[in-house]
Amino acid sequence: MKSILSIFAFVLLSACTSQYPNQQVTGKQFPNISGASLEQSIVTIPSDFKADKTLLLIGYKQDSQFDIDRWLIGLDMAGVALPTYELPTIAGMAPRMFSTFIDSGMRKGIPKELWGGVITIYKDGEAVQKFTGNQSPNNARVVLINSSGEILYFYDRGFSVDALNKLKASIE
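Numbered according to mature numbering (1 follows the signal peptide of the UniProt record, and there is no 0), the sequence shown spans residues -20 to -1, 1 to 152.
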C-alpha cells in the first residue's frame, strides 16, 4: 500500500515539471492532439469536433478541477449550451506509465454518463502546456474553438463572472 501511495504522489508531483510562461492564444490554431475519453474512445482534437463552436476546459493539476467545476456551474446557470469537454492534461513520462490507474480513479469520481466529455491528454500533455503556458496551474484554461480549430476565446485566470460574460459574447 505504501508503494502505491508513493507512486501516486510521484505522479501528481511530476504532472507540471516544466514551467512555461502563460500565452495569449486567441486567434491561433489549437494544436492537433489526441487523448482518450473515460469511455476509452480515442479523440483527436480539434478535428473530431464538428460543432460550430466547442468549449475546452483544460486542467493541468488535480486542483484545477475546482476551477473547472466553477466554470461548469457558471455555464449551466447562464444557460450556455454548447459541446463542452474537460481535458485533464498531464505532462511527463511517469503519468503516462500510470494512465490506467489515473483514469480508473477519475472514473470512480465521475458519473458514467459524463465519461465521454472527459478526455485525458497524456502523450501531448507537454505540447498543450507549452502552447497555453502552465503558470498558475490550478487555473483552468478555457478555450473556445470553432469547427476548424481556431481559438475564438481564451482565459486562464480562474473563474469570474466577467470572464463568463465575455465567453458568452464570443459564443453568440
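Quick caveat, the hints were computed from the structure, so don't treat them as lab data.
Hints may contain errors.
Unchecked claim - Across the chosen pairs, the derived CB separations fall in these ranges: (1) 137 <-> -3: 29 to 37 Å; (2) 142 <-> 49: 15 to 23 Å; (3) 141 <-> 43: 18 to 26 Å.
What the hints assert, rightly or not - Straight-line alpha carbon distances no greater than 30 Å define the calculated DSSO-like cross-link-like pairs of lysine-lysine that follow: (4) 148 <-> 33; (5) 41 <-> 8; (6) 92 <-> 8; (7) 103 <-> 33; (8) 92 <-> 33; (9) 88 <-> 103; (10) 103 <-> 92; (11) 30 <-> 146.
Where a beta carbon is used, it is the ideal one built from N, C-alpha and C, also for glycine.
Each hint tested on the structure:
1. 137 <-> -3: 29 to 37 Å: violated, 21 Å
2. 142 <-> 49: 15 to 23 Å: holds, 19 Å
3. 141 <-> 43: 18 to 26 Å: holds, 21 Å
4. 148 <-> 33: holds, 12 Å
5. 41 <-> 8: holds, 24 Å
6. 92 <-> 8: Outside the cut-off at roughly 33 Å; violated.
7. 103 <-> 33: holds, 25 Å
8. 92 <-> 33: Holds: residue 92 and residue 33 sit about 24 Å apart, inside 30 Å.
9. 88 <-> 103: holds, 23 Å
10. 103 <-> 92: The hint holds at about 24 Å.
11. 30 <-> 146: Judged against 30 Å, a Cα distance of about 23 Å means the pair holds.
Of the numbered hints stated above, those contradicted by the structure are hints 1, 6, listed in ascending order.
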